[in-house]
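Enquirer: Each chain is listed here by its residues.
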Amino acid sequence: MTAEKKEVLLSVRDLQVVFGERKNRFVAVDGVSFDIYRGETFGLVGESGSGKTTIGRAIIRINPVTKGEVLYKGERISGKISRELDKKITREIQMIFQDPMASLNERAKVDYIISEGLYNIGHFSPEERKRRVEQALLDVGLLPEFASRFPHEFSGGQRQRIGIARSLIMEPEFIIADEPISALDVSIRAQVLNLLAELQRKRGLTYLFIAHDLSVMRFITDRIAVIHKGVIVELAETELLFRHPLHPYTQALLSAIPQPDPISERKKVLKVYDPSCHHYEEDPPFWEEVEPGHFVLGNHQEMEGYRAAVAQD
Amino acid sequence: MAEHPSNVILSVQDLDVKFNLRGRVLNAIRGVSLDLYEGESLAIVGESGSGKSVFTKTFMGLLDQNGVIAGGKILYNGQDLAKYKKEKDWLKIRGREIAMVLQDPMTSLNPLKTIGYQIGEAIAIRHGLRGKALKEKVLECLRDVGITEPERRYHQYPHEFSGGMRQRVVIAIAVACGPRILICDEPTTALDVTIQAQILKLLKELKEKYHLTTIYITHDLGVVANVADRIAVMYAGDIVEIGTCEEVFYDPRHPYTWALLSSLPQLGVKGQELYSIKGTPPNLFQEIKGDAFAPRNPHALKVDFKARSPYFEVSPTHKARTWLLDPRAPKVEPPEHISQLRKQGGGLSHDC
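As you go down the protein sequences, you meet chains A and B in turn.
Just so we're aligned, residue 1 is where the first sequence starts under the working numbering, counting upward by one.
Just so we're aligned, residue 1 is where the second sequence starts under the working numbering, counting upward by one.
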């Protein structure tokens, strides 16, 4: 992808999400901004409680936005919007959930689970609906016969495929995948990741991929944003981030990836991120591009170090 | 460790475990033998359904009601645990001799009792302590597993702890009774990567401090490179390959081990398809003929479908159950990822 051809599909501007009131007020996401280009896979990494899922849910309008806005194809989709727009984005933005054991209705047949969304967007004849369900099942590598079964008859990997089929049937353009492989076995993970990559190639989908594990991200994403306590601390193209991880939190995340290599694993020094290593009282941090396509949060003193680290290579 | 094969702490011989499910018989463990050496840390790796959890549950008498040990022996301290029937017998083993850390810290703690009570419960039974002495011991346990402010934490409930902290509490309970063997069943699967690394470090430290023998059960080979001395790879209720950590990572011999290693996303190259194992694990309700992995194995030989392979020894510590190691077998090159790993190991490979 060249720079000129990039078209912004989704844009998050200064997003803030607050839960609770007064004493229980908790700022889950604070001042987050990023753009997602059409056709790319944008990764959001952070530990549990960092607010990465909240951002995903705010985009799809499950969590209300307290400040800032979300633009989809240039239109604001956060806050109050018209009915038509609401209908449109419900169709075009879909979500895949983390735990395939919990995200499927145990009492409904696969047929209904997958086509539930279709009931809301228009009148489909039973034949048309059936045809679409079969197509969606085939697309994710399952057999059309499975439509008449219940979720408990499937393994974890197959259930996750059903979850993916459910989002595909709406013919979305943008999919939010919230830790789609965390609950799966390693061998099944590979299958699901390959499926997601293949669907992207075939349909030109755009993904927002949320995960806590950077090793998976390297394989699937084009750009990654690292989020800590509701604030994005580093954003870069995937390879740049792995080559020059600048922010100490990114470095801690990278050092925690287990490597399938006993010799280097035993030598490894685990980095632990301690937020008190920053001196932000007198010199507040700012957001800057240290090399093309690589942004990081830091104050003047840190920024010097970051620039030096990048220049060294 | 593997260098002192004399100190076998637990020896499993030809173990068979069967489950009765609605009138049908499922062969969960099919003739597994394993020696566990004192002070080592062994990792058992396999997909879900490979029988790795069931295998270790037999050591503690925790099989479900419909499961039976149909054959074989589990020798511990000169006694055959496979013959134990009564709960009374098991209570001497459980917790005191062999303890377990379960996968999900959200479900393995009682949400209605304080953390202090839950740790104290085990200690009171084991050491017969009461009152102040008991509390002192509990606080010591909490400090041991790296929980700060133990005095305050003592009176808190599980919901006030984060996932990683909760797993530390579970570990504290397991270690509190001074067991000799600690079984960790997917101890980090439910946790974040950063927390995972910390928990593994903690388990390693505790192992040194209390001279524990540890068994890790996991589906993720990447996790165990750091913690395991030896690795056993399980598939369809059988150990298909066992060797030291270096041997299994740098010189794997069984096609299933190749497949497991190749599918790690850490080894993936962007833009290329990630390696994935085709097909599904075999149905254990039916008797398995030959090598259980053969139908999914691109390198399968004809003999793999007919006869079960014996163990072939690669080195004194490394053996694998595959016909590929038979002298008569054609030479099969392992997949690309494996050769790459072998290079990282640098000259560890023996004769290929």
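Treat the hints as calculated values from the structure; they're not laboratory data.
Using N, Cα and C, we set each Cβ at its ideal position, and we do this for glycine too.
Warning: the hint list may mix true and false statements.
[What the hints assert, rightly or not] Here are some, though not all, of the chain B residues that point toward chain A, as calculated from beta-carbon distances under 7 Å: (1) A190; (2) D192; (3) T194; (4) D229; (5) P265.
[What the hints assert, rightly or not] Calculated from the model, a selection of chain B residues having no Cβ within reach of chain A, i.e. all distances over 12 Å: (6) R94; (7) K137; (8) K270.
Enquirer: Decide, hint by hint, whether the structure agrees.
Expert: Hint by hint, here is what the structure shows:
1. A190: violated, 9 Å
2. D192: Because about 5 Å separates D192/B from the closest Cβ in chain A, which is inside the 7 Å limit, the hint holds.
3. T194: holds, 5 Å
4. D229: violated, 10 Å
5. P265: Because about 5 Å separates P265/B from the closest Cβ in chain A, which is inside the 7 Å limit, the hint holds.
6. R94: For R94/B, whose nearest Cβ neighbour in chain A is about 28 Å away, the distance exceeds 12 Å, so it holds.
7. K137: holds, 29 Å
8. K270: At roughly 6 Å from the nearest Cβ of chain A, K270/B sits no farther out than 12 Å, so the non-interface label is violated.
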